[in-house]
Amino acid sequence: MIEDMTGAASPPEALKLVLYVAGQTPKSLAAIANLERICAETGPGKYVVEVVDLKKSPQLAREHNIVAIPTLVRQLPTPIRKIIGDLSDREKVLVHLKIGE
Amino acid sequence: MGETRGISKSPTGIDGFDDLTLGGLPTGRPTLVCGSAGCGKTLFASTFLLNGAREFDEPGVFVTFEERPVDIVSNVASLGFEMDKLMEEGKIWIEHIAVDPAELAEIGEYDLEGLFLRLELAIEQVGAKRIVLDTIESLFSAFTNPAILRAEIRRLFDWLKDRGLTTVITAERGDGSLTRQGLEEYVSDCVLLLDHRVHNQISTRRLRIVKYRGTAHGTNEYPFLIDQEGFSVLPVSSLGLNHKVHEERVSSGVPDLDVMLTGGGFHRGTSVLVSGVAGSGKSSLAACFADAACRAGEKALYFSFEESAAQTVRNMHSIGIDLQRWLEAGTLRHIAARPTFYSLEMHLAVMLREVQKFRPALVVLDPISAFIGNADRLEVQSMLLRMVDFLKSNGITAVFTHLMHSQEGATETDVGLSSLMDAWILLLNREANGEFNRELYLLKARGMAHSNQVREFIMSDDGIKLTPPYLGEGGALTGSARRMEEAKTRRAEVARRAEVQRLADVIETRRRKARAEIEALQAEMDADEMELRRMKADEETYLSQAASDRDEMEKSRRA
Numbered sequence: 001m002i003e004d005m006t007g008a009a010s011p012p013e014a015l016k017l018v019l020y021v022a023g024q025t026p027k028s029l030a031a032i033a034n035l036e037r038i039c040a041e042t043g044p045g046k047y048v049v050e051v052v053d054l055k056k057s058p059q060l061a062r063e064h065n066i067v068a069i070p071t072l073v074r075q076l077p078t079p080i081r082k083i084i085g086d087l088s089d090r091e092k093v094l095v096h097l098k099i100g101e
Numbered sequence: 001m002g003e004t005r006g007i008s009k010s011p012t013g014i015d016g017f018d019d020l021t022l023g024g025l026p027t028g029r030p031t032l033v034c035g036s037a038g039c040g041k042t043l044f045a046s047t048f049l050l051n052g053a054r055e056f057d058e059p060g061v062f063v064t065f066e067e068r069p070v071d072i073v074s075n076v077a078s079l080g081f082e083m084d085k086l087m088e089e090g091k092i093w094i095e096h097i098a099v100d101p102a103e104l105a106e107i108g109e110y111d112l113e114g115l116f117l118r119l120e121l122a123i124e125q126v127g128a129k130r131i132v133l134d135t136i137e138s139l140f141s142a143f144t145n146p147a148i149l150r151a152e153i154r155r156l157f158d159w160l161k162d163r164g165l166t167t168v169i170t171a172e173r174g175d176g177s178l179t180r181q182g183l184e185e186y187v188s189d190c191v192l193l194l195d196h197r198v199h200n201q202i203s204t205r206r207l208r209i210v211k212y213r214g215t216a217h218g219t220n221e222y223p224f225l226i227d228q229e230g231f232s233v234l235p236v237s238s239l240g241l242n243h244k245v246h247e248e249r250v251s252s253g254v255p256d257l258d259v260m261l262t263g264g265g266f267h268r269g270t271s272v273l274v275s276g277v278a279g280s281g282k283s284s285l286a287a288c289f290a291d292a293a294c295r296a297g298e299k300a301l302y303f304s305f306e307e308s309a310a311q312t313v314r315n316m317h318s319i320g321i322d323l324q325r326w327l328e329a330g331t332l333r334h335i336a337a338r339p340t341f342y343s344l345e346m347h348l349a350v351m352l353r354e355v356q357k358f359r360p361a362l363v364v365l366d367p368i369s370a371f372i373g374n375a376d377r378l379e380v381q382s383m384l385l386r387m388v389d390f391l392k393s394n395g396i397t398a399v400f401t402h403l404m405h406s407q408e409g410a411t412e413t414d415v416g417l418s419s420l421m422d423a424w425i426l427l428l429n430r431e432a433n434g435e436f437n438r439e440l441y442l443l444k445a446r447g448m449a450h451s452n453q454v455r456e457f458i459m460s461d462d463g464i465k466l467t468p469p470y471l472g473e474g475g476a477l478t479g480s481a482r483r484m485e486e487a488k489t490r491r492a493e494v495a496r497r498a499e500v501q502r503l504a505d506v507i508e509t510r511r512r513k514a515r516a517e518i519e520a521l522q523a524e525m526d527a528d529e530m531e532l533r534r535m536k537a538d539e540e541t542y543l544s545q546a547a548s549d550r551d552e553m554e555k556s557r558r559a
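As you go down the protein sequences, you meet chains L and W in turn.
First residue of the first sequence: 1, per my numbering; consecutive thereafter.
First residue of the second sequence: 1, per my numbering; consecutive thereafter.
Hints in this document: simulated from the structure, not taken from any laboratory.
There's no promise every hint is true.
As the list claims (entries may be wrong) - In silico BS3-like links for lysine-lysine, alpha-carbon gap of 30 Å or less:
(1) L/K55 with W/K536
(2) L/K56 with W/K161
(3) L/K92 with L/K46
(4) L/K98 with L/K46
Stated by the list, open to error - A short, non-exhaustive set of chain W residues, derived as facing chain L with CB atoms under 10 Å:
(5) E109
(6) A122
(7) M316
Note that CB positions come from ideal geometry on N, CA and C, so glycine has one too.
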C-alpha cells in the first residue's frame, strides 16, 4: 500500500509528500498520474512520495484527519500543507507545495 | 413502542418527546434538528445517542465537526451522562472531523470518500445503530466547491439510510429557511425545530415537529427544559378529557367544611378553586388541604409563587398547622418560584415534571393570580387548563388559590377559570360596624350536594372553624355584630321566660281559687241533701206513728 515512487534516498532538502487515495477510482488514478508527472518533470530526487490507499487502511484517515479524497499532504518541511483534488493544475500544485520554502 | 404499523421508531429516551412522536425518531432514517445557536441541538442529539447506547442497546457514533471530543464528554457529564464510560465499553465512539480551511488548497476534482471511510470504520467499531452529525454544515466553510459538497452530502444521507442508521443531523437556523445551507432538502423524513425565545425578559425553549413523514405527531410548539437532569419535552397539550372519575372523598382539613358537602369532603381528583381578596385566608385554607393529605398518609406538593417554604411554615403555625413535620418526613414538598422566574410554559413544564417526579395525591398552586401580571390572560387560561387536565387525568386533587381584587362581581374570576374547576370556594372579607369578618361560601361543587349557606370563617390557634352566621332581622351577621345580636337574643329570652313564669303563677292561683269555690258549693249541696234526708225520715216516722195511733184508737173503741 505504501510505495516509494522515486526509490532514491531522500536528500535533506527533499519534500516529503503523502498522497491519500481510496481504491482505484478515476479521481485517485488521475491524482497519482498527475503527481508522478509533476515529480518527473521537476526533477527526480526532490520529492519523497508515499501513496496511501485508505480503502485498505481506513484508520490512517482517522489518524491523519483526511476527509476529502484525493488529498496530497506535504509533511516536510513543516508546516503541513494539504492539497485536495486530482492535482490537474500543475502550476497551482507547484505553487502550493513551495509555499513556506 | 407507539404505532408499529407504518414506520418503526427508535426511542430517544427524552422525557415527553417519545410520547409526542408516538415512539421516537424514525428508525434507520435521518432526522434534522435545526435551531439557532445555543438552543440545545447538540444536547438533543447527544441525549438521543447516549440513551440509545445506555438504555436501548443501540451503540452510536458521534461525529463532531466543531467541538473536540473532550468538550463533548465534559458537556454531557454535567447532565449525569458518563460518556467516557460508554466509550470505554465500546458503545459510543466520537469521531472528530476537523477541517481547517487555512491549510487546504483545492486543485481539481475531489470527493469526501475519506469521511465515508472514517464513518464506516467508526460504525463498524461499535456496531452503531445510531449516528449523530454535529453539525455537518461546518463542511461548507471548509470546502469551497458547494456543488461537490451537496452531491457528497446527499450521497452521505443515502449511504446512512442504506445502512439503516438512525441519524440525527444538527444544523444552524438560516434566514428565512430552516437551515443555512438548505439541508432540509436532503432530509425528508423528520425535521425538528428548536427555538429559544425571549419574551418580556423571560426565555422559553420550544420544540416543534415541522415534519414527520408517515406518522401522526403533535404539531404544536412544546416547551422543553434543559437543566441538571438533561433534556425533557413536555407534551402538555396532548391531554384529553378522558380522566378517571373517583368516588373516594378526601378531606379538606377543615371538618366544618367537609360537613358542608354531603358525603364529607371533596372527591379525589377534584380541582378546587379558592378565591378571595387579600387576607381572606386562601393560603391558610390551601395549607389545610395539604395538611389533611399528609395526615392521611398521602403526599402533597405545594407550589408557592409568593412565599418561601419557611414563610409558609411560620404562617401556618399561627393557625395551628405544623407543616414542618411533613416537610421533614418528606410527605410534603414546597416549591417556591417567582412567576417572573420562568415563562408560563416553563412554569407549567416545571410543575408537571415535579408532579411526575413526586407523585403527590394533592397539589396546591398558591396563587394562580400571580401569573396574570406578566402574561396574557388567554395564555394563563390555557396553561391552567392544561395543568387542571393533567392533574385530573392523574387523579390528583388540586387546590388553586386566586386573589381577587374586588368582591364586586365576585362570581367572575380574572381568567375565567370557574368553568375549569369542579369546586369553588369563595372567601369574602366583609366590613361591617368597623370590623372585617371573613366568610366562606361554597359556590359550586360538581357532583355533590352541598350547603348553600354562608359560613363565618374563623382562624384561630387550633385551626380553621366555620360557624353559621347569625341570621337576624338585619340579614346575616358575623363577628361582633353576631355576638351582640346573640347577646340581645339571650336577654330577650330571659325576659320572655320570666313572663311565662308569671302567667303560669296567675293561672295556678286562679285554679286554686276555683277549686275552693267548687269545694264550698259542694259543702252547701251536701248540707241540703242531709236536710232532705232528715225531712224524709221525719215524714216516715210521722206516717208510721199516725198508723200506729190509728190502730191504738180502733182497739180502744172496741174495748
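- Is the Cα-Cα distance between L/K55 and W/K536 30 Å or less? Violated: L/K55 and W/K536 sit about 165 Å apart, past 30 Å.
- Query: Once the shortest beta carbon distance from W/M316 to chain L is found, is it less than 10 Å?
  - Reply: Violated, about 64 Å.
- Query: Holds or violated: is the Cβ of W/A122 closer than 10 Å to a Cβ in chain L?
  - Reply: holds (8 Å)
- Query: Taking only the CA atoms, is the gap from L/K56 to W/K161 under or equal to 30 Å?
  - Reply: Roughly 24 Å separates the two Cα atoms, so the pair holds.
- Query: Given the hinted pair L/K98 and L/K46, is their alpha-carbon gap at most 30 Å?
  - Reply: holds (12 Å)
- Please verify that hint: W/E109, Cβ, nearest Cβ of chain L, below 10 Å or not. holds (5 Å)
- Are the Cα positions of L/K92 and L/K46 separated by 30 Å at most? holds (18 Å)
Checked against the numbered hints above, the structure violates hints 1 and 7; every other hint is satisfied.
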